[in-house]
Amino acid sequence: MVVSGLPVRNSNFHAREIARMSLALLNTVKSFTIRHRPHEKLKLRIGLHT
1 MVVSGLPVRN SNFHAREIAR MSLALLNTVK SFTIRHRPHE KLKLRIGLHT
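For the sequence shown, counting from 1, position 19 maps to 19 in full-length UniProt numbering; every step adds exactly one.
Hints may contain errors.
[Claimed, not checked] Calculated pairs, SDA-like style, for lysine to any residue (alpha carbon to alpha carbon, straight line, at most 25 Å): (1) Lys30 / Ala19; (2) Lys30 / Ala15; (3) Lys41 / Met21; (4) Lys30 / Val8; (5) Lys41 / Ser31; (6) Lys43 / Leu26; (7) Lys30 / Leu48; (8) Lys41 / Ala24; (9) Lys43 / Val2; (10) Lys43 / Ser22; (11) Lys41 / Ala19; (12) Lys43 / Ser31; (13) Lys43 / Met21; (14) Lys41 / Ser22; (15) Lys30 / His49; (16) Lys30 / Arg9; (17) Lys30 / Arg20; (18) Lys43 / Thr33; (19) Lys41 / Leu23; (20) Lys43 / Ser11; (21) Lys41 / Ile18; (22) Lys30 / Asn10; (23) Lys30 / Leu42.
[Stated by the list, open to error] Listed next, with one range per pair, are the computed distances between beta-carbon atoms: (24) Leu42 / Arg9: 18 to 28 Å; (25) Pro7 / His39: 17 to 27 Å; (26) Ser11 / Leu48: 10 to 20 Å; (27) Leu42 / Asn12: 30 to 40 Å; (28) Gly47 / Asn12: 13 to 23 Å; (29) Thr28 / Ser4: 31 to 41 Å; (30) Lys41 / Arg20: 19 to 29 Å; (31) Asn10 / Ile34: 25 to 35 Å; (32) Pro38 / His14: 19 to 29 Å.
In case anyone wonders, no lab produced these hints; they're calculated from the structure.
In this text, all values refer to a predicted model and were calculated from it rather than measured experimentally.
Every residue, glycine too, gets a C-beta built ideally from N, C-alpha and C.
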C-alpha cells in the first residue's frame with residue numbers, strides 16, 4: 001500500500017503523483033527479470049482509490 005502527502009502535505013496533486021508512480025512501476029516491471037525464474041514474467045496489478 002502506498003500513500004501520497006503523508007506525513008507532510010504536498011499540495012493537491014496526490015492522485016496525479018500516485019497515478020504517475022503506478023504507470024512507472026508497470027513500465028519497469030516489463031523489463032524486470034526474476035533471478036531464480038528468468039523465463040517467468042513478474043505480474044503486477046494496481047488499484048487506485050481516491
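Can you name, in rising order, the numbers of the hints this structure does not satisfy?
Failing hints, ascending: 4, 16, 20, 22, 24, 25, 29, 32.
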